[in-house]
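Protein chains: 2
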Amino acid sequence: MADRRLTRRLRKKAAAARSKPVDAAVANIDLGLLDGHLGYLVRRLQRWIFNDFIATLAPLGLRPAEYSVLLVIEANPGLTQISVANTLGIERARLVHIIDSLQGRDYVLRVASKTDRRSHALVLTNRGRSALKDIKALAAAHEKHLIERLGAERHGTLLKLLASFAYG
Amino acid sequence: MADRRLTRRLRKKAAAARSKPVDAAVANIDLGLLDGHLGYLVRRLQRWIFNDFIATLAPLGLRPAEYSVLLVIEANPGLTQISVANTLGIERARLVHIIDSLQGRDYVLRVASKTDRRSHALVLTNRGRSALKDIKALAAAHEKHLIERLGAERHGTLLKLLASFAYG
DNA sequence: TATTGTTATACTCTATAACTATA
DNA sequence: TATAGTTATAGAGTATAACAATA
Numbered sequence: 003m004a005d006r007r008l009t010r011r012l013r014k015k016a017a018a019a020r021s022k023p024v025d026a027a028v029a030n031i032d033l034g035l036l037d038g039h040l041g042y043l044v045r046r047l048q049r050w051i052f053n054d055f056i057a058t059l060a061p062l063g064l065r066p067a068e069y070s071v072l073l074v075i076e077a078n079p080g081l082t083q084i085s086v087a088n089t090l091g092i093e094r095a096r097l098v099h100i101i102d103s104l105q106g107r108d109y110v111l112r113v114a115s116k117t118d119r120r121s122h123a124l125v126l127t128n129r130g131r132s133a134l135k136d137i138k139a140l141a142a143a144h145e146k147h148l149i150e151r152l153g154a155e156r157h158g159t160l161l162k163l164l165a166s167f168a169y170g
Numbered sequence: 003m004a005d006r007r008l009t010r011r012l013r014k015k016a017a018a019a020r021s022k023p024v025d026a027a028v029a030n031i032d033l034g035l036l037d038g039h040l041g042y043l044v045r046r047l048q049r050w051i052f053n054d055f056i057a058t059l060a061p062l063g064l065r066p067a068e069y070s071v072l073l074v075i076e077a078n079p080g081l082t083q084i085s086v087a088n089t090l091g092i093e094r095a096r097l098v099h100i101i102d103s104l105q106g107r108d109y110v111l112r113v114a115s116k117t118d119r120r121s122h123a124l125v126l127t128n129r130g131r132s133a134l135k136d137i138k139a140l141a142a143a144h145e146k147h148l149i150e151r152l153g154a155e156r157h158g159t160l161l162k163l164l165a166s167f168a169y170g
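If you read the sequences in order, they're chains A and B.
Heads up: the first sequence at position 126 corresponds to 128 in the numbering used here, and the numbers run straight through without jumps.
Heads up: the second sequence at position 97 corresponds to 99 in the numbering used here, and the numbers run straight through without jumps.
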């Protein structure tokens, strides 16, 4: 059960942050060589995005990593844990706990594999498929916040540039 | 003292990762809606960058957050802890430990403020200024890895796009 | 009353090692 | 011997709350 006060607080905080530039720009403090490092800027954007995602999905209490696992299982039912872990760049030891959590909410199921008794085939439950509809709606709302913040053009350009990094 | 075996391992791992696309592209596993979410791609890039940064600076054992704090203090000597924390988006409670660590290596000093006895003025020590030369050289090598991976053009475009997000 | 630095706590995420049961 | 899943541990980073000294 999600804590409604927590949800409200997170939403309010995220809404406030959504339109705000970082403090350095406001206070005119020099970043030194930092603004020549892409890593700094990528990290700031990544924090902003995750904070907004977590706040937007707070009613369902779903974290970014859990969301990514649900989407990959939906698109590739029967995938093993090691495949999901490698696909998403998550340690297999950590994925165990994420699957535990998703199974605890009755979103996914570990089915015994027929070909290899060491591994599990991961599938969505009916409840998982149903919940995913609401989850996707909130995730889309989050992406809308991001587009509002970046502008549709920059958002599209970034999607293309970064996709070609990841898959190129 | 940095562990040389750790350094070698990290360098080797980073060198291997530097030229490799993510596993999903290799194994042809469907990411579902995930490739429409900028957050996923930003997170993958951010992990790649931080891993390479940590591996490249392993001989000095300096983490990204520590590096960013050093640069800001260098560019703004006398800044208070709260200002550094707000500038970089680090919690002030966490910055305490980062400054502890940097002071423990004799890189920075907490000087009593003359105008407000609650706060500290942060400055680099001579040793800190000297170390920063080597640190910057390694950080530049890291940025070079990133440019090799992305291509100079994409790297430049991303710097511009993300800077206008952070400071716009 | 509010702010700066500090201490403490809880939780998420990364990284690694070791164990089991299978292959 | 190697791999899939699991358990355990250590460290980084985030988020909060509370306290002392000072404003």
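These are calculated hints, taken from the structure and not from any lab test.
Fair warning: there could be bad hints in the mix.
For chains that are exact copies, the list does not tell them apart, and a pair is met inside one copy or across any two.
[To be verified] For lysine to any residue, the following SDA-like pairs were computed, each having C-alpha atoms within a straight-line distance of at most 20 Å:
| # | residue 1 | residue 2 |
| --- | --- | --- |
| 1 | 138 | 120 |
| 2 | 146 | 120 |
| 3 | 162 | 149 |
| 4 | 146 | 167 |
| 5 | 162 | 30 |
| 6 | 138 | 123 |
| 7 | 162 | 151 |
| 8 | 146 | 60 |
| 9 | 135 | 156 |
| 10 | 135 | 103 |
| 11 | 135 | 30 |
| 12 | 116 | 133 |
| 13 | 135 | 121 |
| 14 | 162 | 150 |
| 15 | 135 | 34 |
Hints versus structure:
In this assembly of identical chains, residue 138 and residue 120 lie within 20 Å of each other by CA distance neither inside one copy nor across copies; the values are 32 Å within and 48 Å between. Proximity of residue 146 to residue 120 under the C-alpha cut-off of 20 Å is found in neither arrangement, the shortest distances being 41 Å within a copy and 42 Å between copies. Taking CA atoms no more than 20 Å apart as the test, residue 162 paired with residue 149 passes in both settings, with 14 Å inside one copy and 17 Å between copies. For the identical chains of this complex, residue 146 and residue 167 are inter-copy neighbours only, at 16 Å across copies versus 23 Å inside a copy, given an alpha-carbon limit of 20 Å.
For the identical chains of this complex, residue 162 and residue 30 are inter-copy neighbours only, at 19 Å across copies versus 32 Å inside a copy, given an alpha-carbon limit of 20 Å. Neither within a single protomer nor between protomers do residue 138 and residue 123 lie at most 20 Å apart by alpha-carbon distance, with minima of 23 Å and 48 Å respectively. Taking identical chains as interchangeable, the C-alpha atoms of residue 162 and residue 151 lie at most 20 Å apart whether they share a chain (18 Å) or sit on different chains (16 Å). For the identical chains of this complex, residue 146 and residue 60 are intra-copy neighbours only, at 16 Å inside a copy versus 39 Å across copies, given an alpha-carbon limit of 20 Å.
In this assembly of identical chains, the alpha carbons of residue 135 and residue 156 never lie at most 20 Å apart, being 28 Å within a copy and 35 Å across copies at closest. Taking the closest pair of Cα atoms, residue 135 and residue 103 come within 20 Å of each other only inside a single copy of the chain (19 Å); across copies the shortest separation is 47 Å, beyond that limit. In this assembly of identical chains, the alpha carbons of residue 135 and residue 30 never lie at most 20 Å apart, being 44 Å within a copy and 25 Å across copies at closest. Proximity of residue 116 to residue 133 under the C-alpha cut-off of 20 Å is found in neither arrangement, the shortest distances being 28 Å within a copy and 58 Å between copies.
Taking the shortest alpha-carbon separations for residue 135 and residue 121, neither the intra-copy value of 28 Å nor the inter-copy value of 50 Å comes in at or below 20 Å. Within a single copy, residue 162 and residue 150 get their C-alpha atoms as close as 18 Å, and across copies as close as 18 Å, so both meet the 20 Å cut-off. Taking the shortest Cα distances, residue 135 and residue 34 sit within 20 Å of each other only across copies (14 Å), while inside one copy they are farther apart (46 Å).
Hints 1, 2, 6, 9, 11, 12, 13, counting from the list given before, are not met by this structure.
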